[in-house]
Every structure is written in structure tokens, then in C-alpha cells.
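There are 2 protein chains.
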Amino acid sequence: MKKLAAFIFAAAAVALSAPASAQFAKSEDAIKYRQSAFFVMGQHFGRIGAMVNGKAPFDAKAAQESADIVAVMSKLPWEAFGPGTDKGATTKALPAIWSEQAKYKEHSDKLQAEATKLAAAAKTGNLDNLKSAFGSAASSCKACHDNFRAK
Amino acid sequence: MKKLAAFIFAAAAVALSAPASAQFAKSEDAIKYRQSAFFVMGQHFGRIGAMVNGKAPFDAKAAQESADIVAVMSKLPWEAFGPGTDKGATTKALPAIWSEQAKYKEHSDKLQAEATKLAAAAKTGNLDNLKSAFGSAASSCKACHDNFRAK
Chain G
5 MKKLAAFIFA
15 AAAVALSAPA
25 SAQFAKSEDA
35 IKYRQSAFFV
45 MGQHFGRIGA
55 MVNGKAPFDA
65 KAAQESADIV
75 AVMSKLPWEA
85 FGPGTDKGAT
95 TKALPAIWSE
105 QAKYKEHSDK
115 LQAEATKLAA
125 AAKTGNLDNL
135 KSAFGSAASS
145 CKACHDNFRA
155 K
Chain F
5 MKKLAAFIFA
15 AAAVALSAPA
25 SAQFAKSEDA
35 IKYRQSAFFV
45 MGQHFGRIGA
55 MVNGKAPFDA
65 KAAQESADIV
75 AVMSKLPWEA
85 FGPGTDKGAT
95 TKALPAIWSE
105 QAKYKEHSDK
115 LQAEATKLAA
125 AAKTGNLDNL
135 KSAFGSAASS
145 CKACHDNFRA
155 K
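So the sequence lines, in the order shown, correspond to chains G and F.
Just so you know, this note's numbering puts 19 at position 15 of the first sequence, and the rest follows in order with no gaps.
Just so you know, this note's numbering puts 71 at position 67 of the second sequence, and the rest follows in order with no gaps.
Hints were generated in silico from the structure; no laboratory data involved.
Be careful, since some hints might not be right.
Repeated chains share a single entry, so a pair holds when one copy, or any two copies, can fit it.
Lysine-lysine pairs mimicking PhoX-like chemistry, simulated, CA-CA at most 25 angstroms apart [to be verified]:
| # | residue 1 | residue 2 |
| --- | --- | --- |
| 1 | K127 | K96 |
| 2 | K109 | K65 |
| 3 | K65 | K79 |
| 4 | K65 | K30 |
As the structure is a prediction and not an experimental result, all values here were calculated from the model.
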């Protein structure tokens, strides 16, 4: 009975899953996926920001946990900007993402590198290291938003 | 100039971030956060499901990547079910989450354990191992949905 339940659930999961030719069943899923990844990343980035800016007490362990999550999340959204995912749901993604792929990739690579550095800085447990890495990562977020995200 | 931009961006991030007393600025953020984490998890779980059920070719590397993401995501949603987050945005979360905390925690702990096992199974590169771990994890998803999520 338990096995049957698992099987039914698995079948439902498959219905939601992507065909072999693409990672997302439909454009709407890709848009929701990248927005979800950015939202989780933004929440944890914000927690670090609060510490860095003295709005919350510095908690080295919490900062490290959040930075690790930021680093993981920073790798996810990009595959969800495939061809045709410029529409299908409400999105702030600008057409430049698809018309200026090289520049876009440069920005997304930069963010991933900065997020890795942020996680390394958080690991030191030193607030000054965290501040510095946070500033660089925030610049990277902003640069991409300025170029590729609608206001 | 770059520093200033970073500072402004950081300030914006802080505005979005949580006060020290809670991880989320408002209930709506908590709901969006947990839904985001579940959505990313579900997408990757679905990719593994497609392989396990023969709807997509078995790709050991892709399965492992997705299982690792599932394992990370499985740890995130729970803190976003704090007091007062039963409303504030559209949610399928049932009141039982808050009225049956022990049972709820048991389910969420179980999922995290199953997700860890799924990642370990994916690491072996063996499809049968993956199938078995996927079935158990899917049962764990379903059990929690049956008890704590509206249809």
C-alpha cells in the first residue's frame, strides 16, 4: 500500500517534470523556478546584509549558513532562461538576456564567483571579511539587475 | 561609485531582510520563501522521477546534481512555517501544521533524512539504488502532503 502510494506520487511528480529535451515542462515553470531560486537567494543575502549593515547582530554561524545557501542558489537560475522563457508568466526579465547572451553570461558567471567568495568569507567568521565580500557580491547583483531586469 | 552602488543595493537588500527577532520581515515573505524552496525541490525531484520511471534517459551525473539540490532544499522550508505564517498570502498549508507540531516535525525530519539518502543513492550511479531511494522519498512527500497540505 505504501509502495503504491509512492508510485502514484512518483507518477504525479513525473507529470510535473521535464521532457528529456528540456529541463522544464513549460515556460511558466522555468520562470517560476528562476524566480524561486532568486527569492530564496535574496532572502539569505538580505540576512547577511542586515548583519553587515548593523541592523542585526553578527551571528557568524547564521551568516555562514546563509552564505552557503546563497552560493548554492547562485548556480540555479541560469538554466531557466532558455529560449522561449521570455514569456509565459509575469517576469521582469528584459529581452537583452536573450539578445546579449555573452554579456549576460559574464554577469551570471560573476555572481556565482562572488557568491563563492562570500561563502569563503563567511567561513572565516570575521565580520570585516564578510562586509567586503558582501559589497562585491551586491555590486554584482546590481550590475545584472541594471542591465537585465525591468524596474 | 561602484562602492556607492553596492551600498545602495545592500541597503535595499536590508529593507527586504528580516528583523533580528524573526527570519522573515512579514508572513508573506515566509510563505513565498517556503513555496519557492518546495518548488525548486519539486522540479529537481521530478527530474529524478522522470529517470526512475523511464520517461527520461538515466543520466547519473544529472541525477546526482538534482539529488544534491533536493537535499539542500529539503532543509529550508521549515523555518518559514513560524507562528502567524498560516496566512498573509495564498497558501495550501493546513492548520494542522501549527496544531500538531510534533507530528509535523516528524514528517519534516523524515523528508530531510530521505533526501539525504536519495543524494547518497544518486552518488552510487546505480539506477536501482536511485529507484529505491526515490520511492521512499516520494512516500515521505506524500505522507506530509496528505496530512498538512490542502488538496
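Starting from the hint list further up, note which numbers the structure goes against and sort them upward. 1
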